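S.K.: The lines below spell out each chain.
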Amino acid sequence: MAGIACLRTRMLGEGDHHDCIAESLLADDNTAYEELIAPIESRMMRCIWRVVRRPELSEDALQDALSIIWRKLHQIRNHPNPQALILKICLNAACDALRKQKRSSRHEDLSLFIHLPDSSSAGAARALETKEIEAEVLKAISRLPRKQALAVLMRIVQDEPFDVIAQALGCSEVTVRIQVSKGRRRLRQLLSYLSTDSLKEVSK
Amino acid sequence: MNRENPSRPEVDDLFKRLLKDDLPPELENRMRTQFVNLRRSIGLSGRRHAWYSGGILERLFSILEWQSTQVMIRRDVLATLSVFLIVFGGAMHLSGNHSALADSVFLLKMSISIASQVRQTSSMECRVAVPEGKDQFSAYEIRWVAPGKTRIDFEAKDGDRKTRWVSGAVITVADLAKNTQRSARAATQPEDSLFRPVMCCYSPEQLAIHISGRWQLRRYERQAKRELGTFLFIDSGNGASVEMTVDLKTFLPLAIEEHLPNSGQAGTERIIIKQANFCWNQPIAPELMVPGKAARAGALMLESARKEDM
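If you're matching them up, the sequences are chains A and E in order. Number 39 in my numbering belongs to position 39 of the first sequence; there are no gaps in the numbering. Number 168 in my numbering belongs to position 168 of the second sequence; there are no gaps in the numbering.
Chain A extracted, bound-state conformation (with noise of 0.2 angstroms):
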């Protein structure tokens, strides 16, 4: 990769700083897309969509993820760990997405939040039980602090190691610790209402 070539030239002397800058203008914009951006173009929508859950919702996050990719393209070839930042930038916009709805979906009925199941179909309470929980669970996380937000859904939704966050969100491994704690306890509280059989239920 140029860019992370390019810093560790940067580190070798200001001679080279100027090459390394040069270097850098060079590099071709296509290798980064395909050795940054593809292997992961999977995990960029799943993630957004496995927060998001609304497909009008998710194609708008993705949306403004890839702007923010396109424009930042330089900043993440030279970041430490490139693929957890774009992971970070597709959660952000996720989060976004989700504050959006909140405020747009306020004065609106919960019914009209979620999407209801067919009620003629089998099991359509149990469906319906869920949905209410996956809105009242996304509310939840639509209120926490950005930082807590984006370290939660890294840690327990996304399964990153605390390093690969901490990286991504520019802290101390041990910041991320206090955050995702922080936010599960904050998570804890704020779905405390809900019943454990109901949870349960929804567990199986």
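Bear in mind the hints are in silico, worked out from the structure with no lab data behind them. From a predicted model like this one, the values you see are computed outputs, not experimental measurements. Virtual Cβ for every residue (Gly too), placed ideally from N, Cα, C. Don't take each hint at face value.
[Unchecked claim] Sample of chain E residues at the chain A side, in silico, Cβ under 7 angstroms:
no., residue
1, Val11
2, Asp12
3, Phe15
4, Leu18
5, Leu19
6, Asp21
7, Leu23
8, Leu27
9, Met31
10, Gln34
11, Phe35
12, Leu38
13, Arg39
[Said to hold, decoys possible] Across the chosen pairs, the derived CB separations fall in these ranges:
no., chain 1, residue 1, chain 2, residue 2, range
14, A, Gln63, E, Arg222, 54 to 64 angstroms
15, A, Glu173, E, Leu108, 52 to 62 angstroms
16, E, Ala102, A, Arg99, 45 to 55 angstroms
[What the hints assert, rightly or not] Here are a few chain A residues that sit away from chain E, every Cβ distance over 12 angstroms (derived from the structure):
no., residue
17, Gln75
18, Pro80
19, Asn81
20, Asn92
21, Asp96
22, Gln101
23, Lys102
24, Arg103
25, Arg146
26, Pro161
27, Asp163
28, Cys171
29, Ser172
30, Glu173
31, Thr175
For chain A, the structure is supplied; the task is to place chain E on it using the hints.
M.R.: Below, chain E without anything else, positioned relative to chain A:
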């Protein structure tokens, strides 16, 4: 519903179960087209980098793909146009013609530089003469010290003398002939018409406000030998022309001459409204700046100094 907190594994499990990876295939297809668009954008951007950085001659006569409009433009037409513009720019520069915009930016920059230097001074002494008929004039001596004390000594053409101190919001006026002195808050005291002609020189701040705001700089001439600059302003309030001589080493005004509007045009005589001479950053005796007995002593001191000058 039971009010029980879900435990940690339950929360994690709940999240994994609810936010499961079940991206619908049709949505996945739609999202993939966004990646294709991104790849195309990056490709075009990469091509632009290559053009900027090298192979210019090779690509100069090829066809340029215009990204935003998809219009095809011949690169040799662009190259010819660029060369023409460079030659035209060079010719304009060598002809010595300055653009009106460049001139006005330069003049604006000069006004701001003078105003900013004036604001940074620690003291100001200014003598202002206001003509009052043939060979007769009223004289003002203004002294200002930081952070904001002003003393103005006025001497009318008939010899009447008044002194005014301005310190913060309090104005004190002493009439030396009648031996009276009164103080009042600036907000409650009507402006004395005697001191109105020297409003612009009350303090460096007032002068700076006039230079950068009320007076509009029209012309600048440099006297290279003496390192002085002459600035011609037009007072937007009364239309008078103000000629200011500035020391180009310090960018502080040395003299100001204000002329009646339209006087001096078509061979007519220039009629001076007022003349002011400045002295900057010189020590001023503190007793001069305090109203009261010390002020009287200060006035006597000034008078003796004036006699010595004569």
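S.K.: Hint by hint, note whether the structure agrees.
M.R.: The hints, checked one at a time:
For valine 11 of chain E, the interface hint holds, since its Cβ comes within 7 angstroms of a Cβ in chain A; the closest pair sits about 6 angstroms apart. Nearest Cβ of chain A to the Cβ of aspartate 12 of chain E: about 5 angstroms, under the 7 angstroms cut. The hint holds. With a least beta-carbon distance of about 5 angstroms to chain A, the hint placing phenylalanine 15 of chain E at the interface is held under the 7 angstroms criterion. With its C-beta approaching chain A no nearer than about 5 angstroms, leucine 18 of chain E sits inside the 7 angstroms limit, and its interface hint holds.
Given the 7 angstroms rule on beta carbons, the hint for leucine 19 of chain E holds: about 4 angstroms separates it from the nearest Cβ of chain A. Because the beta carbon of aspartate 21 of chain E sits about 5 angstroms from the nearest beta carbon in chain A, less than 7 angstroms, this interface hint is met. For leucine 23 of chain E, the interface hint holds, the least distance from its beta-carbon to any beta-carbon of chain A being 4 angstroms, beneath 7 angstroms. A cut of 7 angstroms between beta carbons decides the hint on leucine 27 of chain E: the least distance to chain A is about 5 angstroms, and the hint holds.
Given the 7 angstroms rule on beta carbons, the hint for methionine 31 of chain E holds: about 5 angstroms separates it from the nearest Cβ of chain A. The beta carbon of glutamine 34 of chain E is positioned within 7 angstroms of a beta carbon in chain A (closest approach about 6 angstroms), and the interface hint is therefore held. Annotation: phenylalanine 35 of chain E was flagged as interfacial toward chain A, and the flag holds, the nearest CB pair being 5 angstroms apart, inside 7 angstroms. Evaluation of the leucine 38 of chain E hint against chain A yields a held restraint, the C-beta minimum of about 5 angstroms falling below 7 angstroms.
Among the interface hints, the one on arginine 39 of chain E holds; its C-beta lies about 6 angstroms from the nearest C-beta in chain A, closer than the 7 angstroms criterion. Glutamine 63 of chain A and arginine 222 of chain E have their C-beta atoms about 58 angstroms apart, which keeps the hinted 54 to 64 angstroms range intact. With their beta carbons about 54 angstroms apart, glutamate 173 of chain A and leucine 108 of chain E fall inside the hinted range of 52 to 62 angstroms. Between alanine 102 of chain E and arginine 99 of chain A the C-beta distance comes to about 49 angstroms, which sits within the given range of 45 to 55 angstroms.
Remark: the non-interface label on glutamine 75 of chain A is consistent with the geometry, its nearest Cβ contact in chain E lying 14 angstroms away (cut-off 12 angstroms). The claim that proline 80 of chain A is not at the interface with chain E holds, since no C-beta of that chain comes within 12 angstroms of its own (minimum 22 angstroms). With a closest Cβ-Cβ approach of about 20 angstroms to chain E, asparagine 81 of chain A is found to remain outside the 12 angstroms limit, as its non-interface label requires. Chain E leaves asparagine 92 of chain A outside its interface by the beta-carbon criterion, the shortest separation being 16 angstroms against a cut-off of 12 angstroms.
Chain E leaves aspartate 96 of chain A outside its interface by the beta-carbon criterion, the shortest separation being 16 angstroms against a cut-off of 12 angstroms. The beta carbon of glutamine 101 of chain A is kept farther than 12 angstroms from every beta carbon of chain E, the shortest such distance being approximately 15 angstroms. Listed as outside the interface, lysine 102 of chain A is consistent with that label: its C-beta sits roughly 16 angstroms from the nearest C-beta of chain E, beyond the 12 angstroms cut-off. The claim that arginine 103 of chain A lies off the interface holds: its Cβ sits roughly 21 angstroms from the closest Cβ of chain E, which is beyond the 12 angstroms cut-off.
Arginine 146 of chain A, annotated as away from the interface, keeps every beta carbon of chain E farther than 12 angstroms; the closest lies near 18 angstroms. Remark: the non-interface label on proline 161 of chain A is consistent with the geometry, its nearest Cβ contact in chain E lying 15 angstroms away (cut-off 12 angstroms). Remark: the non-interface label on aspartate 163 of chain A is consistent with the geometry, its nearest Cβ contact in chain E lying 19 angstroms away (cut-off 12 angstroms). Residue placement check: cysteine 171 of chain A keeps its beta carbon more than 12 angstroms from all beta carbons of chain E (closest about 22 angstroms).
At roughly 22 angstroms, the least C-beta separation between serine 172 of chain A and chain E is larger than 12 angstroms, which holds for a residue marked as non-interface. Under the 12 angstroms C-beta cut-off, the non-interface status given to glutamate 173 of chain A relative to chain E holds; the minimum distance is some 19 angstroms. For threonine 175 of chain A, the condition that its CB be more than 12 angstroms from all CB atoms of chain E holds, with the nearest at approximately 19 angstroms.
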